[in-house]
Amino acid sequence: MQPTTAPSRRLPLPPLVTGLGLALLVSLLCCVALGSSGIGWGDVLRYLRAGLTGGEISADETSAYTIVWELRFPRALLAAVVGAGLSAVGVATQALVRNALADPFVLGISSGAAVGANAVLLFGALGSLGVWALSGAAFASALAAMVLVYAAARTRHGLTPLRLVLTGTAMYYGFSAITALMVFGADRGEAARSAMMWLLGSLGGASWQSVPLAAAAVAAGLGYLFRSARGLNVLAMGDETSSALGVDPERRRRVLFVVVAAVTGAVVAVSGAIGFVGLMVPHAARMLVGADHRRVLAVAPLMGAVLLVWVDVISRLLLAPVELPVGVITSVIGVPCFVVLMRRRGYVFGGA
Amino acid sequence: MRVDVEALSVEVAGARLVRDLELRVGDGEFAGVVGPNGSGKSTLLRCVYRALRPTHGRVLLDGDDLHALDAREGARRLAALPQESGSEFDFTVAEIVAMGRLPHQRAAARTTREDREVCASALERVGAAHLADRGFLTLSGGEKQRVLIARALAQQPRVLVLDEPTNHLDIGQQLDVLGLVRESGLTVLAALHDLNLAATHCDVLHVVAGGRLVASGPPGEVLTPGLLADVFGVRAHRVPHPETGTPQLLFDRLPR
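Residue numbers (the numbering used here), protein chains in the order written: chain A, 1280 to 1631; chain B, 263 to 518.
In isolation and in its complexed conformation, chain A is listed as follows (with noise of 0.2 Å):
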C-alpha cells in the first residue's frame, strides 16, 4: 500500500469521543422506543422520566411502563455494556498476544463460559442460585477455564502470546466439544433451542439484575486498561522492547490476562457469546485514530456501545417477533463493514 496514506487516519479525539457519546444517547434511546408493541415515543419518553426520577404514571399504562422500563431499558443498556466490554477486552487481547486479529474468545474464556451456561439451561444445575444460577455458573466456569488455559500455556519462561493462542484454540475446541455433547444429550427441545440461543449470543434476558455487575466489571476493567495504555504500547512492541523501556512484559501479561479473563466472564455471563465485536471494533478504533492504546481505548468501548444497541434493535426487529441471535447479526454487519474499510482506508497490516 502507499506509505502516504499513513498520517490522513488520526482523527480528532475530543470532537469524535463527544459524538460518539452522543450517538450512544440516541441509540439508547431508539432502542427502548422501538419496538414491537407499538408504544409512541412520548409515552417511551415519559415513562423512562417517571422511571430516572420515580414519577407516577396512571394504572392502565403499568403494562406499557413495564415494557419500557423493566424489559427494553435494562436490555439496552446492557448492549452498551456488553458492547463496550467485548471491544476493551478485544484491545487488551490484541496488546496481549500481539496479534491485530486476535479476538477475546481465541483465549477459549467464552467456550468455557458456555459448559457452565449450559449445565444450567439443560440440566437445571445450580438451581438453589435461582435467577444467578446461569450467569453465575457462566462466570465462574470462565474463571475456570481461565485457571485451565493459564495452566497449560505457562513455562518456566512465563506466559507466551503464541503458546497462549494455541493453547486457547485448542481448549476452545475442547470445551465446545463438551457443550455440543451436553446439547446432544439433552431431551429436551426448547432447553437445546435456549442453549443454541446462548451460543449465539442473545440479550433477551437483560434484566435490572443483570446489568450492575456487568457494568461494573467493564468498568473496572476499562479502568485498568485507561491506566495501562502506555504500557499496551510497549508490550504490542515486543517482550524485548518492553524489558529495555522497564516493563516487564511477564508480569504484565498475567495481570492483562486476569482482566481480560474476568471482564470477558462477566460479559458474557449476561449475554452468551457474541463474537466478532471483540475482533472488528478495536479495528475500526485503530482505522479512525491509530494504534496508540490510550486513544483506541477511548474510542472503542464507545463504538462497540454503539454497534451492539443497534445490533439488539435489529435482532429484535428484522423478524419479529421472533428474535434473532444477535451473534448472527454482529457477524453479518461485521464482516463487509470490516471487508470495505480495510480496503478503502490505507490500512497496513503486518507491514503488507
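Source of the hints: derived by calculation from the structure; they are not laboratory data. Please note: incorrect hints may appear among the correct ones.
[As the list claims (entries may be wrong)] Taking beta-carbon pairs under 7 Å as the criterion, some of the chain A residues facing chain B (in silico): (1) 1379; (2) 1483; (3) 1486; (4) 1506; (5) 1515; (6) 1519; (7) 1525; (8) 1527.
Fair warning: this is a prediction, and the values are worked out from it, not measured in the lab. We put the CB at the ideal spot given by N, CA and C, even for glycine.
With chain A fixed as given, assemble chain B onto it according to the hints.
Here is chain B on its own, set in the frame of chain A:
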C-alpha cells in the same frame, strides 16, 4: 556512565549460554561485542538490558546493581535497541518515539510539554523529524533504525545497548546508524557482525566465543589473524585503511 559486567553466567534449560563473563565499558566508550553465531553475544546483551536475569553474577551501572534497581529507574539510565523487528500494530513514528518517555511518566499522567520537546529533539538528532507522522511499518530498514535510536534517545539514558543494529541494512545505512550512535556521546555496548565496521567504529572490542570472553582490547590489538582463525575458523589478512590506518580484514576459508 560505566558498565561493569561481573562474573556473569546464564543457564537456560540446563545449557550454559554465558559462563563467568567479565567485561567493563568505560564512561563514554563505544564498546563492540563480536563473536560467531551462538557465542552468547545476544544473551550477554539481554542481561544488560534486563530482558534476561543472569543465573549468577551482576551488571553494574556506575556501581549500582542493575537487576536490583527499579525497572523504570533502570530504563532511565540505560536504553536498548533489541533485535526485534517491531510489531504489526501500525504506530506512527511519533508514537514509537513517545514510548521512550514511558520510564519518565506516571501511569495515568498526561504527556507533558517536556515529553514532547524531548521526543521532537530526539527525532531531530537522528534526522528523522520529517518522518514523525509516517506509519512506522511503512519505513525502510534504515529509517526504522533511526527512529528506534530516537526512541532510545527519548529515554534520556546514559548507556545505549544495541544488538546487531546494522542487520539487513545497506552499507550507507550501516555507516549512518553507527555514526548516529557514535554522535550520541553515550556509553555504548553493541553486538556487531561485521568485523570491519566494528574495527572502524569501536574504541574497544570484546570477543565472545562459547559463552566466554576470549579477548578484549582496542580493535587493532584484538583482531589478529590467529584469534580470527581460532574463533571464527577463517583465514584473515590485515590491511591498514589507506586513509585512517584502521586495520581492515580480508577473509578466506581456512585450508583443511
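Consistency of the hints with the structure:
1. 1379: holds, 6 Å
2. 1483: Hint violated; residue 1483(A) Cβ to chain B Cβ min 36 Å, cut 7 Å.
3. 1486: It is violated, given that the least Cβ distance between residue 1486(A) and chain B is near 35 Å, above 7 Å.
4. 1506: With Cβ-Cβ at 5 Å, under 7 Å, it holds.
5. 1515: holds, 5 Å
6. 1519: With Cβ-Cβ at 3 Å, under 7 Å, it holds.
7. 1525: holds, 3 Å
8. 1527: holds, 6 Å
Checked against the numbered hints listed earlier, the structure breaks hints 2, 3; every other hint is satisfied.
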